[in-house]
Structures are given as structure tokens and as C-alpha cells.
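Asker: Here are the chains, one letter per residue:
2 protein chains.
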Amino acid sequence: MSIIKPRTLSGFMELLPSKQAQFERMMEILRRTYSSYGFAALDTPAIEDAQILLAKGGGETEKQIYRFQKGDSDLALRFDLTVPLAKYVALHYNELAFPFRRYQISKVYRGERAQRGRFREFYQADIDIIGDGKLDIVNDAEIPAIIYKVFRGFGLQRFQIRVNNRKILSGFYAMQDLSEKSGDIMRTVDKLDKIGTEKVRNLLIGECEISEEKADEILKFISITGSNAEVLSALEGYCGRNEIFDLGVQELRTVTANLTAFGVPEANFAVDLTIARGLDYYTGTVYETTLLDHPEIGSVCSGGRYDNLAGYYIDKPLPGVGISIGLTRLFYVLDEQGLLNPELPSSPCDALVLPMTENITAAVELAEALRNAGLRVQLYGEQKKFKQKMSYADKLGVPFAVLLGDDEIAAGKCSVKNMKTGQQQLLTAAEAAAEIISCLENNGPIILEK
Amino acid sequence: MSIIKPRTLSGFMELLPSKQAQFERMMEILRRTYSSYGFAALDTPAIEDAQILLAKGGGETEKQIYRFQKGDSDLALRFDLTVPLAKYVALHYNELAFPFRRYQISKVYRGERAQRGRFREFYQADIDIIGDGKLDIVNDAEIPAIIYKVFRGFGLQRFQIRVNNRKILSGFYAMQDLSEKSGDIMRTVDKLDKIGTEKVRNLLIGECEISEEKADEILKFISITGSNAEVLSALEGYCGRNEIFDLGVQELRTVTANLTAFGVPEANFAVDLTIARGLDYYTGTVYETTLLDHPEIGSVCSGGRYDNLAGYYIDKPLPGVGISIGLTRLFYVLDEQGLLNPELPSSPCDALVLPMTENITAAVELAEALRNAGLRVQLYGEQKKFKQKMSYADKLGVPFAVLLGDDEIAAGKCSVKNMKTGQQQLLTAAEAAAEIISCLENNGPIILEK
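Taken in order, these protein sequences are the chains called D and V.
For the first sequence, this note's numbering begins at 1 and goes up steadily by one.
For the second sequence, this note's numbering begins at 1001 and goes up steadily by one.
Warning: the hint list may mix true and false statements.
As the list claims (entries may be wrong) - Computed list of chain V residues with no C-beta within reach of chain D, every gap over 10 Å:
1) 1043
2) 1135
3) 1263
4) 1368
What the hints assert, rightly or not - Only some residues are given here: those of chain D computed to face chain V with a beta carbon under 10 Å:
5) 24
6) 61
7) 102
8) 219
9) 239
10) 350
11) 382
12) 448
Please keep in mind that the hints were generated in silico from the structure rather than gathered at the bench.
Nothing here was measured: the structure is a model prediction, and the numbers come from that model.
Cβ atoms here follow ideal geometry from the backbone N, Cα and C, with glycine treated the same way.
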């Protein structure tokens, strides 16, 4: 038989078992945290009718999408979880209770140019709250409060959720008679972190064709910084000239106050007037999240408030607010930075039961007793020499090997070997379970900040 | 804005939140059970190089596969989890410890003709154990023992794992000088349940061109039934004429004995000589699983032993044994048959906290206290009339509404309303958590057998 060289496509993450164990742990924290706030799990198809996915059309999306024919059908793989959510809510509108809160942790697909740290298949972990006609501003604070919970659950402390409001930006540009150019301006201002003030100013004047005076006015505005109270206070100075602006400041003030009520420390959130989010559909609060020690990574969790989720599919105003964690990229970066806690168990089992007798019945019973105590247990069934068995235990990285020979069986016990210390104890099944469980506890968080 | 009618492609399962909650529960039991036996979680890409996926080529697979170009790449969606596993093991051979035990619960894609209960996107929940060069026969019994555990975990009791051995079949056909026709014969005999003995006999004689005498011999052989001991005893009568046959009987005897050692009751497994499994790569033990009260569904979990997992990708013999649950179809059928337990919580939250004051700080704290006690809690933040709030609680199907007004806050308590009984109690947060938890317990299994 001729051999085809096996490979995994570039831009597709495929982890070894020990890394996958870390990834699964993050998924579990996400599921648990999202569920604890009353979000329903959703699982929409990865393939949708291309016409539906591309209802909005245009831009990068259309270029990057995986689109193909099958029979007469024009199909495409989802490129995010928001468009499928819009379709879902429109399709099942009559069967859902609003506000509708859902989470979805699923893979999405974008045929981007392959490069380090960019993925063509990646997990998004989204939460959204959708209202029917109206949705209270309190939700705009709860969403980042949940993200705070998730990141703390991962073990992170040095992160910051940055909050702004699009109404403030569009109101401000309206005051400057620059509404028509506001899209171009926001895209230019977005580059501030990357290219610096001077180059942004040149672009504003050169490419956006704005007067020097107004360019300076814009730069002055977005350079408002300080504590949240200080930024909000500075914004007061602009109030009374544009209704949209004033509404935005009012909303931002409420979100900021509620974030404190929701228990998010001020160290973990900041009002930041430079946050705009490129996407057109955000209309109010917008979020980005950065790891304070790794600003170069950019935002690891972004989202915002939108007025109309599903306007392409249903004639009902469905305002919502949501946020998305780019999980695959976040995991990749944490791993690259060496931030994944190496102390966490990476073996697929907590104990490897090694029968030393031909009849395996006693070993099966022992393995089952340890499982019933909550452990993950592999029964080693191969006929190998003792040395090979121990070498397998080593390679697997299993914390405990449990040996069961005729002597142990006769004594109603088993030999529990701690693979790290080399210490071996003769214990009953119940004692063995207790011993192993006590050693597995307290391995710390998934992420270790340096 | 013109509206595009939202739809989900036919052959793609998309569940409403309450049904999805049931599905998630089954996934959780699968993950927990598979993990408890020391299987590592794996997550391979949904898209692979088409050349690699189709290395084996031919047949239905090639017709059903979703295959498409992106740039210069010839891509395809996986149609099962076994071929990606083969690629994975070949690619990462040097980094894995053998026996390598992995589980994967992922979606696979087949562009079948759409019909009721057939899915184009569906979950498979697979476990496999791969050896390097050799793999002990004890694994052939552990695999169905784990499946027994999973099905019992779902709440099922009336199911049967049927076991056979391909060596017995090929040895038997060799004895009859029918080796060359054995593929055709097995495919014909596979139809026994559907078309009956007489028609199978006619096909054997007419299409397979077998003498009447041999056709009768075949039918006599596969009609051997009875208890496992009786079937094994009847097989002894054929021994001594073909080595492969004898080896198959020996293996089947060992698997049967070990299944008992693994604690699987005889009511839940049966030696069945009609089980052949169409796939060429099975070379020893084969499994099918039927729901005893719903034989019309066919096998809900199938698999077997193979000599060489990854011969297309690596020049190493990698024998393995594995099994696959067709989860989406199983769920669909259970739902259709009304077997999903309606008593299980289907609401996305256990408690809905309803603030009756403008300041929500106290409500946020209460919700957080209930969450910390392990409950899933939604804070209702909308400014609605009381009646509308309760109507939302009803529509959500939430078991408890927790009301918090000025009086409750002053008393350091909250009003806990059991939505089923209508009973309302004034309780502290800790008492509320205990009350709600006690009512949520003991809702029974996922599946209720009639």
C-alpha cells in the first residue's frame, strides 16, 4: 500500500492530548460560568445557506468565507456565531422567551491568509442577550461582569475590560459636522495604538480630508484619559450640544456604575474613548479586553450593543448586547507566552491500574471502585513486562500507578505508587482513592501570570 | 430593508433551548464516562485535505462527502471521526503513548439524500484504543463495558450490545470454499432482519451464485441462537477445521468471559452470529447495539476491532478497537418516541431573580449568593410590570422566581416563589439556595423507558 503523508491543514489547531486537556478545562469553565448566569446553550449548524449567511454581504467576509455547492445548494460555513444567532432568533421568534439569553461555544471558519497565530478554524465563545423591541441598559453591564468572572475563573487577574459608547463618538462627530466621515475617522483613530498620534493626525488631514483644527479637536477628545470618574467628568464638558452625545454619556455613566454594582473592581475595567469596534452594527456600548502584560496581543474578547440583531430576516426590532471570546487564539497566545499552568494534570487518567495476575477480575473491580470515588482510571490490559508497564505510566504522565498482584489481592489491598515521589504504599481501595484525591487537589488555576 | 426568509438547511439538527438542554446533558454524561476510563479528549479539525480524507476512496463516502476548493486547496469535511484519528495517530505517532485511548465527540458531515431521521450534520461520540504493533483482547471487552456504562448513565436498561467476531465468519466461509464470495454473502445475510430467511436464501442462490446446499448451510449457521453459552457451545461443533475460525471462537469466548468480569449483565449483551458490520476494515470482534423495545431503529452504537488503523498514512501496524454512538440520530429517535424525561429541568436557569426596586445592587448580590451556592441564576433587569415579569418566568419554565422589593431588603430576606406549586416563602439567601437545591434534586434519568 502506498503511503500518503499525513498532515493537518495550516491554520487549523490540532492539539496533543496534554494540551487538549488544558483547552477542555477552559471550555468547561466557560460552559459553567455562562450557564450560571442563566444563558441557554445553543448549537447551530456549521453549514448554512450561503444566501442567508451573506445577507449583509460585502467586505472581507465574502472573500474569506468557505462557500461551496452540493447538488443545487449554495452552502457556506459560518464565519461567526452572530449571523447564525440572528437567523435562529428570527426563525424561532415565536418559540423563544425574551430577553433571550444564549451562549454558544463553537468553531467558525475564515479562509484568511495563513500566518502565525491566525486560524482558519477557531472557537468563539459567545454570549448574547436579545430583547424584543427593548432591552434594558443593565444588560450592558452584566455582559462584561460575566466576562470578568470567566477570566478570573481562568486564573487571570491582570486584564482590563475597556468600555466606550458609540453614541458618544457619533454624537461628537456630529458636533464637529463630521458625521459623514465618522466611519473613516473611527477606522483611522483605531490605528492610534499601532502608528501613534502624529501619523494618525496626518491620515486624518490627508486621507480623511479634515481641517487641521478639527483633527486636533478629535485627537484632543480621544486623548481624554484618567480614572473612570475623571473621564466621565471630562465628557460632561461636551454635553448639551448634541442629544445623541448626551445619551451616550448617560449610558456610559450607568454602565460604569452598574459594573461596580456587579462587583467588577475598577482595576479590571476602564472607560476608553478610543474603543470604536469596526463593525457597523454596534450602536451603543462597546467592549474590548486586553491582557495588561501583553497589550501586543490586542483584544481577546470584544463586543457591544446593537439596535437590531436580525433585520435581514425578520421585521421586528431585536436589540441586543453580546460579547465574544476568540478562544483558539487566546489559548494559542497563552501557550506561546508560557502562561498555561504546567502543574495541572495533563494525563488522561489520575490512576493507572496495573494487573500483575492473569485473571483481571480483581483489577477490574479495583478500577471501578476508584472510578466510583470520582477518579479517572485506566486499566492497563496489555501483557507486558513490568518495566514496560512503568515506562508507559511515565510516558502517559499519570500521577499514580496502582499495582495489583497475588499478594495484594490476598491482603485485600493494592500498591499505590506516587509517580512523582516514587513513594509506594499498601492501601485498601478506599484508602487509595482518598490518597490519590488528596494529592490531585489544589493544582492552582489554568493560567499562571508571571 | 428587504427580508430574506430565515431557514435551517434540511438534514441539519437545530434544537430549541429546552431540547438543547437535554442534548447537552447527554454530551456531559458521555464526556464524564469516557474520561473516567482514562480516554483523552481529542478535537481534530472539521476540514481536512481531501486527498487525505479520501485515501481509502471509493463507494458511498466519495459520493456523500462535502468537498470544495479554497484557493488551490482541495478540501473536504470529515465524514467520520475514524479517518481523522488515523491521520492524527500517524502524524503524532512519536509523541503518543500506546495504547493510545482517545474519545472524540464531534460533528461529521455526509451529504445524504435528506429524509426523516437522516442527518447531513450529526454528532458521533467515539472511543478507540490503539496499540502499537499489538493490542490485547481484553480491550475488546472493555469497550462495550464502557458503552454499557454510558447507556445506563442515560437511564436506559432495555438495550443489548450484540457481539460477534469477523474471524468466525471468514473462517466459516473458508470452510465452505466461499472465501471469495464472503463479502457478497455477508452483505446479503445482513438483510436477514429486513427481508427474512426465504428472500435471503433466494438472493444467496440467485445473486451470489451459491449452491442450494451451501446456502442452507449458511442459513443454518447464522441461525444458531440461544444463551451466550449455548451459542459458544454450538460453535465448538465447527472447530478444528479452520484456524481462523478457531481463533475467532477463542476470541469471542474471551470477550464474553471478560464482559462478565467487567460487570456487564448477560441481559445487556448477546453473542449474535448475524452481526457482520459492512466495513472492510473490521477483522475481529464486532459490535452493534439495539434498543430492545425499538428494534426498528437499528443499531445505535457500532464498532469493532481492526488490524491496521492507519496503513494509508504510516508504515506501522496499529491495531485498534473502537465504537461510535450516532448521537444526533439517537437523540432524534428518543425524542420522537417520547422517551426523553420531561421532568428534567429544561429552563436555562434554576432561579429568576426579580428586582422590585430601582437600585439593583441588592438583587445583584442575591443572585451572586445563589450562584455561589451552585445555582444557575438569571437576574431580570427589564423595567416591566409585575405581571409581565411573571409571564416571562412562566414562558422560560423557570422552577423558582425570587422577588426582592424594599420590604424584603429591609428584612434581609427574599420571597421565593415555587412556580409549580405557587407557594411563596420569605427566606434568607442561604435558606433560599437550600430550598431551591432540595427541590431540583432527584428528577431522574434523561431517558424514561416506557
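Asker: None of the hints should be skipped; say for each whether it holds.
Answerer: Now the hints, each set against the structure:
1. 1043: violated, 6 Å
2. 1135: violated, 7 Å
3. 1263: violated, 7 Å
4. 1368: The claim is violated: residue 1368(V) sits with its nearest Cβ about 7 Å from chain D, within 10 Å.
5. 24: Holds, because the Cβ-Cβ distance from residue 24(D) to chain V comes to roughly 5 Å (cut-off 10 Å).
6. 61: Violated. Min distance 15 Å.
7. 102: With a minimum Cβ separation of about 7 Å from chain V (threshold 10 Å), the hint on residue 102(D) holds.
8. 219: violated, 36 Å
9. 239: This hint is violated: residue 239(D) lies away from chain V, its Cβ roughly 23 Å from the closest one there, beyond 10 Å.
10. 350: holds, 8 Å
11. 382: holds, 5 Å
12. 448: violated, 22 Å
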